[in-house]
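So the protein sequences, as listed, match chains C and E.
Counting in our numbering, the first sequence runs from 1 upward without gaps.
Counting in our numbering, the second sequence runs from 1 upward without gaps.
Read the hints as simulated data drawn from the structure, not as lab findings.
Glycine included, C-beta positions come from ideal geometry on N, C-alpha and C.
A few of these clues could be false.
Computed from the model, here is a short list of chain E residues facing chain C with C-beta under 7 angstroms [what the hints assert, rightly or not]:
no.: 1; residue: Gln153
no.: 2; residue: Leu154
no.: 3; residue: Pro155
no.: 4; residue: Pro190
no.: 5; residue: Pro209
no.: 6; residue: Asn214
no.: 7; residue: Asn215
no.: 8; residue: Ala216
no.: 9; residue: Ile419
no.: 10; residue: Phe872
The calculated lysine-lysine pairs, modelled on DSBU-like cross-linking and capped at a C-alpha distance of 35 angstroms, are [stated by the list, open to error]:
no.: 11; chain 1: E; residue 1: Lys125; chain 2: C; residue 2: Lys27
no.: 12; chain 1: E; residue 1: Lys729; chain 2: E; residue 2: Lys624
no.: 13; chain 1: E; residue 1: Lys125; chain 2: C; residue 2: Lys53
no.: 14; chain 1: C; residue 1: Lys27; chain 2: E; residue 2: Lys467
no.: 15; chain 1: C; residue 1: Lys53; chain 2: E; residue 2: Lys467
no.: 16; chain 1: C; residue 1: Lys27; chain 2: E; residue 2: Lys234
no.: 17; chain 1: E; residue 1: Lys467; chain 2: E; residue 2: Lys234
no.: 18; chain 1: E; residue 1: Lys845; chain 2: C; residue 2: Lys28
no.: 19; chain 1: C; residue 1: Lys28; chain 2: E; residue 2: Lys729
no.: 20; chain 1: C; residue 1: Lys28; chain 2: E; residue 2: Lys125
no.: 21; chain 1: C; residue 1: Lys53; chain 2: E; residue 2: Lys729
Computed footprint of chain E on chain C, listed as stretches where at least three residues anywhere in the stretch have a Cβ under 8 angstroms from a Cβ of chain E [what the hints assert, rightly or not]:
no.: 22; stretch: 10 to 21
no.: 23; stretch: 53 to 61
The chain contents come next:
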Amino acid sequence: MTHIWQLPITIEQDSFVFHGVEYTICKKLDRWLESGAWWLGEPMLEFVLVATKPQGLFEIAITPQGETLLYQSFD
Amino acid sequence: MTVSLHTHSAYSLLDGASLPRELITRGSELGYKAMALTDHNNVSGVWEFQRLALEAGIKPIIGCEFTLFDGSHLTVLAENYLGYEKICRYLNSTHKGDNNLPTGDGIFILSGCRNGRLQRLILQKRYREALEQAQVWARFWPGRFFLELSHDQLPRTIEIFSALTEIATRLSLPTVATVDVHYAYPEKFPVHDALSCVRLGIKLNDVNPERSFNNASYLCTESELKERFGSFPKALEGAYALAEMCEVEPLRPPNLLPVWPDADEKLASIAWQGLARKYSPTNKQAPARLQHELQVIATLGYSGYFLIVYDLVSVAKKRQICYQGRGSAAGSLVSYCLDLTQVDPVAHNLVFERFLSIERSQQPDIDIDFDWQKRNELWDYLEHKYGHEFVAGICSFHCYREDMAKNDLLRIGLPDKLIPSFIESFYGLPRHIATHSSGLVISSKSLSSHVPLIKAVTGRTIISLDKDDVEEVGLVKLDLLSLRTLGALAEMDLPVKADDKATYEMISSGKTLGVFQIESPAQRSLQQRIKPQNFSDIVSSVALIRPGPIKGNMVEPFIKRQRKEEKITYLDEELKPYLEKTHGLIVFQEQVIQIATALGGFTPGESDRLRKALTQKKREVELKEFRDLFLARALDRGTSSETAEAVFDLLQSFAGYGLCEAHSASFAQTAYKTAYLRCHYPAEFFGALLNNQPLGYYPPQSVLWEAKRCGVKVIPLNINLSPLATMGKNGELCLGLNLIKGLHDPVLKAISQKRPFHSLAELDFISPAQLRPLVLAGALDSFSSSRRSLLWELWGTKSIPGDFTPWERFLREMMVLSLSPTAHAMQFYRSQLPAATLTAEKALKSPGSILFAGQILRPHRPPTKSGNPVVFFVMEDETGQVDVTYFPRGKQLPIREGGIALVSGTIDKERASNLLLNDLTYLGAPRQV
């Protein structure tokens, strides 16, 4: 199952907190860009698919301003 | 070394967002050493791309992205010309359903972008099948198959790359790095996405798998490429290596010109025979000129081209197909002696070098108009003579203009505030291919190997290259133009006398409706003012009413000098021989050539290059060089510096306007012929006009009523008596049944075979859908005086609820005929107009303020020298036409084609047919119906 969250998170030293749990990124599995609805002013987002400890699989979105969002998780 | 082996230009229609020029410019900025053009299933942009790349010092590689039968993509690059031939042959064969991919030498195959078959299999985790497919292709193209790592910054790119690299290792195949470039800059992604939506017929808000995900498909910098392919450096090296393997020499097609053995001698023989027919033996000028022209033609190697055109024209003459040569070719004595053109260039002092010279490197262009009904016959002749594989039409790319772009952008739902900037981005991008109206090529070798071909809707084969690229490939291009006026002349087939006084008097009175080139309001006004007395005056007037002379303020001075209201002066007496015929003014392009030659000592070829520089924008540097050269040489020849400067300023003020005199003369000849026929055979003339519609400036109703005003008796339609085509003879015009819309040829033929008829019942071989227009046109009035009752009878009932009112009858005649033989719209308004309202006939004799009512025809807004808006239109009633000029100041009156209006204004004393509009009120439906 996947959940879409779009929650702002802060990544420090490859770790972030999500729902009170600290996750450490142990592998960047994939990376891509998505344009968004540019005609409505949405920015291009960079996406990174990460595997974490404790076990987790997350998509993290990075805005052009450098802000990070936890976009979706995969159970 | 930076290279791009997978690049789409805007010739990947509604997909690529950058023209070749923009791609090359950007590539040059980034230091690209080689670029491959790989548009989708076409090579339409390759010649332009190659030329631009070579100019920029970038190695051009010709290629194409094929779409295979399963929808997957394959990138194909040409190693050399042989490879390009194979790509052409493959593309051309797929149109016939043949999908055999090219093999062997000359081509390199890349596995494709994310839409490639291998990549698709990998994304489906069908790795074994991907490996097997790669194996098959590696055997199919030994040593020529490459695995393409196309980095598009999409999900799973690394997965695909890893799998492809694994396959490469196992099969010992090279990898090459590409970016599936669709635009030069990342900022152009929205343009590309918008184009994709137009292509797919969807809105921006719609999700579609064929839309790009991101803006990654642009020409990357070297460091960006290194970053993208950081883990796969071998692929980058592979791309460089592959680019090096492609030939350094640019692709050059072989000689495709048809070969005519002894072409120079043959041409000379025919030309000298023509000269002997057309000129007196005592004429010294013509032989010397012919000799010179033949020498130039032979030196440039164009004798064969002339013979091709001569052959075509000979067939036209033999089959009695009406034709006229036009354009700068009319300035050639060789063309005249071969009967390609009909204007005597010696008598009219036309300049050969405007058409051809040693300095002009371009192939000559001989344009010939043919009777529009016979043009296809001549095309068939060429296909038959040279072979279907060796003859094809050419295409023209319809590029985005403002209105087209706006429509498409609105359709995809682009927010209004973004539309202006997108219109600018779309402008000039090719949107779709259309068939060029007249262009045709003849090749000595099978076209399918050398150019991309497609089938037009008409079934003709056309080359999907535009006319400039066709010439660059080295193909002979002819223009088989069709002209409806020639159809009308062919139909009349009546003798025309030259220099007929009555004809010039008619033209001078402004009665030129239907006359070729000089029937518009502006022309009629001009003719009434300059009162042409000879052919030369007609030649000048054809050239004067053009945007250029109007903006260049040449028209009024010409008129004043023609009427001796202004003194004719020359900046230098040396200019007099060249400008005398145009009263000291520069009207024709040839005059620029003559002046530059006479005063500046330019060779005719140099003069023609000056002429081109004067007429094209952004040639300031070149013009400065020409100016300096002209001044220096004029001084050497004894001209004062003030005079030399003034003359060059005069030449410069000519910039942008001016028609070719030879072209004007050709058109003037047809203008004179049609004027003569209108003057002396009005019934035949107007009948021929109606049979060849749409033709000319005015609608059929105007043509018909002008015929009436000329005293021609109009015989309405009658199913038993009317000819199938309109026939004019001896002052009577019998309308033809073919005027009725919706009546097909087989029905017309059956009517002519089975008549006479006495009732509807006898017309049971005609469908009700085609009987209805016959009723409404009045062709069945002999069956019943009530057209309404006939319609009821058609529907199977004898109930007769009364007939149409005269207004209803008129409207229905207009609907099915586009004319009414019995009524004019204004007749129904006459009784409700103010008593002071004049008819056109009376208005034209009443200088000063008047009231007039009529139907508005042909409103248009031409450019003016001042830039202030002006609207010209015609208003017509049953007695004639009045030309109206409207200067919108403040309140803007809407001017609507077809509208019936009451106007107040002032009749121009000088231009008696011209009303200066003051106010306008539209009238609704007439009260008297």
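Here is how each hint holds up against the structure:
1. Gln153: 4 angstroms, holds
2. Leu154: 5 angstroms, holds
3. Pro155: 5 angstroms, holds
4. Pro190: Check passed: Cβ of Pro190(E) comes within 5 angstroms of chain C, closer than 7 angstroms.
5. Pro209: Interface hint status for Pro209(E): violated (14 angstroms vs cutoff 7 angstroms).
6. Asn214: This hint holds: Asn214(E) lies near chain C, its Cβ roughly 4 angstroms from the closest one there, short of 7 angstroms.
7. Asn215: 6 angstroms, holds
8. Ala216: Cβ of Ala216(E) sits 6 angstroms from chain C, so the hint holds.
9. Ile419: 11 angstroms, violated
10. Phe872: Status violated, d = 41 angstroms.
11. Lys125(E) / Lys27(C): Status holds; Cα separation ~21 angstroms.
12. Lys729(E) / Lys624(E): Violated: Lys729(E) and Lys624(E) sit about 61 angstroms apart, past 35 angstroms.
13. Lys125(E) / Lys53(C): Roughly 27 angstroms separates the two Cα atoms, so the pair holds.
14. Lys27(C) / Lys467(E): 57 angstroms, violated
15. Lys53(C) / Lys467(E): Violated, at roughly 65 angstroms.
16. Lys27(C) / Lys234(E): Satisfied, since the Cα-Cα distance of roughly 24 angstroms is no more than 35 angstroms.
17. Lys467(E) / Lys234(E): 42 angstroms, violated
18. Lys845(E) / Lys28(C): Outside the cut-off at roughly 91 angstroms; violated.
19. Lys28(C) / Lys729(E): 90 angstroms, violated
20. Lys28(C) / Lys125(E): Within the cut-off at roughly 20 angstroms; holds.
21. Lys53(C) / Lys729(E): This hinted pair is violated, its Cα atoms lying about 100 angstroms apart.
22. 10 to 21: Not satisfied, violated; 0 residues make the cut.
23. 53 to 61: Since three or more residues must qualify, the claim that chain E covers the stretch 53 to 61 of chain C is violated, with 0 doing so at under 8 angstroms.
Comparing the model with each numbered hint stated earlier shows that hints 5, 9, 10, 12, 14, 15, 17, 18, 19, 21, 22 and 23 do not hold.
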